[in-house]
Amino acid sequence: MFKKGVSGMPFVWIFIGIVGAMFLLFFIKLAFDLRNTSQDLNDKIMVLKVKDILVGASSSPGYFTKLSLPLVDGRILNFSGDNYLQIYKGDKLLGRVNMENNIIFSPIIENNNVLLWVDRWNVPFYASNFVFLITEDKKYNLRSSTITGDLGFRELDGFIKKLKDKIPFEENVEVGGRTYTPLRSGGDDKIIMFRASSGDLNCRGSSSNSDVEVIFEKETMDSDYIYGYVCYWDKERVPFIGKQMIYGAIFTDEYATFKTLSELSFERLKNLVDLYIERTEDNEILQKSFEDLKKALDKDFEDLSDSDLKKIYDAIEQLNHIHYLFVNERGRYVY
Amino acid sequence: MFIKGQLRISESMIVLFVVFILFLFAFGFYIKELKSGISDKLNEERDFSNLLLINSLMTSPELGCSKDTVVEIGCLDMKKIDAFIKLSDKEFYKEVFGESVISVSGIYPDSFSYDREIYDNAMDDYDLKIVREIPVSLYNPDNNGYFIGLLKVEVYA
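First to last, the protein sequences are chains A and B.
Under the working numbering, think of the first position of the first sequence as 1, with each following residue one higher.
Under the working numbering, think of the first position of the second sequence as 1, with each following residue one higher.
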């Protein structure tokens, strides 16, 4: 039996044990919280770094490179319908950042090794740089529609081959040939079907065995300002102008993302036209051409009809011609 | 007066308290270092974004010089600058340039007097302001002349 003075000893140790355990738990919890905070911060910085890489590349048209993105441990990158770059791990959103007016056409990126290409969108002046980003394992199959519309099969095939020749992702894009199952039906390759038409720019929709259908105005097929519509499976058609937007449709899997990026490009074009109207105040003829283009563009993106696209195309061609004459006469460029 | 057992409990509490305080100090120091590291990383990121903004400004279709749609690197078109300033609706550019002030001034030759505030969306209440100045070529399409200017970009965060 303990004496009176000694009987306090076990209690002291119990007390020390309890308080010590509380301290230990407190610091362990703090350490875990810190680890999580640090991880969150690293994820956010990773998102910003990916954005920096893409924004940095976007100012160099013609640039083509293989890149290793700083994504780790099964992170997935995509561009949302509101033009935010988002990085996920599984279903958990790790971070998102606004891409502002940077146009990045891309599918969902699931590994670090990507191919990046930048091309300039001129309509007819330089309006934006488009970035195309894909993973090395992605395959794209460009095909002529079995219903070739108002263009012969050979001519349409020739058009698609020319289009393909400008794309530097040689290993990833091929023209027709074999039979594939579309992505939407569980296939491995994205199938893009092309069709030319004179005046009737409607999509075939359910009859088309593809992920995306590109229907363009036949008369504009040799022009840089080719116009038409892109139809994603089971979705409303999205207007386009210029081959760069067709490339955008090829490399963007999500309808909402492609639509947002196209709309953003048109919005920037409208703003630039306003700027050039001010810029050409000392040249009535050129200013008038810019004003005509402004009038042609003065419609909601979603409501652009076949005839509206034709008006925009005509205004662009006219502006290009007037500018050409101006350069020949005065030896100076406005754009 | 304390009896022996009570005294030992008090001693133990004091020891534990001192250890706790020491732990807190160590932890506080660690947190401070961590915060400083985070702040450095964020500042580095902001600084880099600022550089990208300058780069995109100089190659932008809105302000950059171009001939036959080919952009001249490091050059701003003076007529485009004036046209941009005159634009009544700059809402679209708020997302592009964010909370910043962008201005340009002529520095060479001495006789060349030029000062323009291209964009002003300064933040009243800010934690950080990054200011960067970079020499640029200024092109006047009216006389086909080139001058040297200083592009100043202030970004608020």
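Derived from the structure by calculation, the hints contain no laboratory data.
As the structure is a computational prediction, the values presented were derived from the model and not from experiment.
Where hints are given, some of them may not hold.
[Claimed, not checked] The calculated PhoX-like cross-link candidates involving lysine-lysine, where the alpha carbons are at most 25 Å apart (straight line), are:
#, chain 1, residue 1, chain 2, residue 2
1, A, K270, A, K288
2, B, K79, A, K235
3, A, K270, A, K294
4, A, K294, B, K129
5, A, K270, B, K129
6, A, K49, B, K129
Does the structure keep B:K79 and A:K235 at a Cα separation of 25 Å or less? violated, 43 Å
Satisfaction of hint between A:K294 and A:K270, Cα-Cα up to 25 Å: Roughly 7 Å between the alpha carbons, so the hint for A:K270 and A:K294 holds.
With the threshold set at 25 Å, check whether the alpha-carbon distance from A:K294 to B:K129 stays at or below it. violated, 38 Å
Regarding the pair A:K270 and A:K288, is the alpha-carbon distance no greater than 25 Å? holds, 15 Å
Has the given pair, A:K270 with B:K129, been kept, meaning a C-alpha gap of at most 25 Å? violated, 32 Å
For a C-alpha distance cap of 25 Å, please report whether A:K49 and B:K129 respect it. holds, 21 Å
Violated hints, in rising order: 2, 4 and 5; the structure is consistent with all others.
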